[in-house]
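Assemble chains B and C onto chain A, guided by the hints.
Residue numbers (the working numbering), protein chains in the order written: chain A, 1 to 234; chain B, 235 to 483; chain C, 484 to 710.
These are computed hints drawn from the structure, not numbers from a lab. Treat the hints with care, as some may be off.
[Unchecked claim] In silico DSS-like pairs for lysine-lysine, Cα to Cα no more than 25 Å straight-line:
id : chain 1 : residue 1 : chain 2 : residue 2
1  : B       : 246       : A       : 80
2  : C       : 654       : B       : 246
3  : C       : 674       : B       : 248
4  : C       : 536       : A       : 61
5  : C       : 703       : A       : 229
6  : B       : 269       : A       : 17
7  : B       : 430       : C       : 625
8  : A       : 218       : C       : 703
9  : C       : 674       : A       : 222
10 : C       : 486       : A       : 222
11 : B       : 254       : C       : 688
12 : C       : 625       : A       : 229
13 : C       : 492       : A       : 225
14 : B       : 430       : C       : 490
15 : B       : 248       : A       : 80
[To be verified] Pair by pair, the computed Cβ-Cβ distance ranges are:
id : chain 1 : residue 1 : chain 2 : residue 2 : range
16 : C       : 516       : B       : 293       : 54 to 62 Å
17 : A       : 210       : B       : 408       : 39 to 47 Å
18 : A       : 207       : C       : 704       : 50 to 58 Å
19 : A       : 172       : C       : 490       : 49 to 57 Å
All C-beta atoms in this analysis are idealised placements derived from N, C-alpha and C, irrespective of residue type, glycine included.
Spelled out from the first residue to the last, the chains are:
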Amino acid sequence: MSYTKRIDGRKFDEPRKMEAKIGVIPRADGSAMFKIGDTIAIAAVYGPRELHPKFLQNPEKGILRCNYDMASFSVPERKKPGPNRRSTEISMVTEKALLPVLDLNQFPNAVVDVFVEIVQANAGTRCAGITAASMALAHAGVPMRNLISAVSVGKVGDKIVIDLDKNEEDYEDGATDIPVAMTGNHEITLLQLDGEVTKDELLKALELAKKGCSEIDKFQRKALKEFYKGVKDE
Amino acid sequence: MNNDYIRSLLEKGKRIDGRKLDEFRKIIIETNISKNAAGSARCKIGSTEVIVGVKFDMGEPYPDRTIIVTAELIPVASPDFELGPPGSKATELARIVDRGIRESKCIDFKKLCIKEGEKIWMVFIDIYPLNDDGNLVDASVLASLKALSEAKFPKIVDGRIDHENKTNNGLKLNKFPITTTMYKINGNILVDVNNKEEQVVDARLSVSIADGNIHALQKGGNASLSVEEITKMIDIAIKKEKELASFLK
Amino acid sequence: MGKIFFKEKDLVVPGDILAEGIDYLPSGGCIRENDNIVANHLGLVILDNRFVKVIPLAGKYVPKVGDTVIGYVVDMSFNGWFFDINGPYEAALMVKDVAEFIDKDMDLAQFYNFGDLVITQVSRVTRYSNINLTTKGPGLRKITGGKVIAITPTKVPRVIGKQGSMVQMLKEKTNCNIIVGQNGLVWVEGKNPNDELMATEAILKIEHESHIDGLTDKMKEFLGEKK
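Chain A with its partners taken away, still in its complex shape (with noise of 0.2 Å):
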């Protein structure tokens, strides 16, 4: 069956509606807010700072160190609190998808250290967190040379689509899931799959969301300039 219309009458290049909130936690270094359609997650960075302990220490530059959480109530059937295989996985590629663009070589030894908590779930969450994660971190003055924007494409049915919600997700004729992260000049640096494509398909998912990541570039961009301007209405 083709799927000619998607669940929630979205374009089939059309992510959901975006909000982004930077500073929302006083007490980080670093922090941001970004919402996409349901799916709400908060990033906090902390650092460059001590690590401990020292043998994880890099003498040479620092480290990152990331971790994504989901509350227990973000999800509609209770998750446990707590780390799971999942979110171990989702805050290693979360790291992978940072470091790229971090300069650490002027805090050897230190680590910057970045906590996603994902608020409320509704697909697309481990992007949603990388994306607030890189405004964090430019928020919290680490030298980076891009931004880091995520978002995932994939196959609903027989279409390629951006950003697909849980709907979508647990589409009864299958889904194939993408995340991607890109630089804002593109380079790639998350890229997982789980599904069936074939080729084209891929290669066309990989162009819609280069399309759907400088979107999210420029909304996060905006985000940061505009948190600068709006300190008169504190």
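Here is chains B and C on its own, set in the frame of chain A:
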């Protein structure tokens, strides 16, 4: 760093942010901050922020299964919180919140019955501080009570819970066990300490009051409290109950 | 030939292309990527002849030799003290770099004890994040009383002002003693808590609005109102 400064200011009856000793920072409570929760709320006291989500599940009727309160001190909220299972601070926070709710009987346990003797609703209250600027207990209690009062039971379809669809029925709390924590610094008694003040707290007492009755007490801190000090603290808590309860209406 | 893609004091984000061509050189807060000069900090961009510089709006303190920093003692060893200087690394003050004469058998805590606040100068920074301090120099000493405020180190120049004009105005209008460390720690001592509170609020306001024009006049107004 500024510990001596805070103490010396208190000698003059002043606090670093200019507040009176019995003055709370600005309180904001919002609901429905997480759609997948049965009920949810955010409480901000100054820049301390706590979110709470309530979830329901079905289970067999055991007394320790009715209300389950968990607090996760996630590292997002403070440079002093570390990854890992709940430590003593998180456990104490959860248990203080639990005690007030349980002992005040603000939840009619009969409402939790699905099938007498066989199935009940278990109420999960999960507390997540997002920014720790002191006084997490009071903020957690307010957010928990608000989330509970807004929570709606999920639909049951063919004996199984449909977590994605809610009924219109909720818990309807019959009272609000408001918790006020009083802090002693250098002999002075304060409410609602911020993070910097919290570093110099000698002793604290969390008091849970509903309709003028005391339902729970928890003393913390390394120093002792005299009966006079405790009496003073209870008086403050009784006064604050009305003030804080107004935020839940 | 080269092209500039910004106006003076524009707010830029990491990855923003600031200039094109080899005529321009990056001089802080930005890097060269192929033909372009690209921002690698969130900050305000300025052009100084051929140098493109981004002044970061945030970031941890990176110690430079010669910086005057305020720190407090967090540890001691047999030949010196360790200081928290509001950055990712502790800094060390060795007995030989202290202005006072300290005999072998003397108790170091007599001079600087745990929690003591000291104005020091950064004397050495190694590649591996070892920082050495000294108190041999004019104005370097232990300070007592007052309170300490922590601000973002990149905002320190704004709090100090051109040739110290901003901090001088703050001192006059609030009647407080104010010492600003390059590491973002600011010491304030006033005759009464209200003056200190006013000075604190003023300093935090400067930190908050450091990127806005006309700040000096704004601060004059703010302090005028407060009195």
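For each hint, the structure was consulted:
no. : hint                        : result
1   : B:246 <-> A:80              : violated, 48 Å
2   : C:654 <-> B:246             : holds, 23 Å
3   : C:674 <-> B:248             : holds, 14 Å
4   : C:536 <-> A:61              : holds, 24 Å
5   : C:703 <-> A:229             : holds, 21 Å
6   : B:269 <-> A:17              : holds, 16 Å
7   : B:430 <-> C:625             : holds, 23 Å
8   : A:218 <-> C:703             : violated, 37 Å
9   : C:674 <-> A:222             : violated, 45 Å
10  : C:486 <-> A:222             : holds, 23 Å
11  : B:254 <-> C:688             : holds, 23 Å
12  : C:625 <-> A:229             : violated, 39 Å
13  : C:492 <-> A:225             : holds, 13 Å
14  : B:430 <-> C:490             : violated, 41 Å
15  : B:248 <-> A:80              : violated, 44 Å
16  : C:516 <-> B:293: 54 to 62 Å : holds, 58 Å
17  : A:210 <-> B:408: 39 to 47 Å : violated, 57 Å
18  : A:207 <-> C:704: 50 to 58 Å : holds, 54 Å
19  : A:172 <-> C:490: 49 to 57 Å : holds, 54 Å
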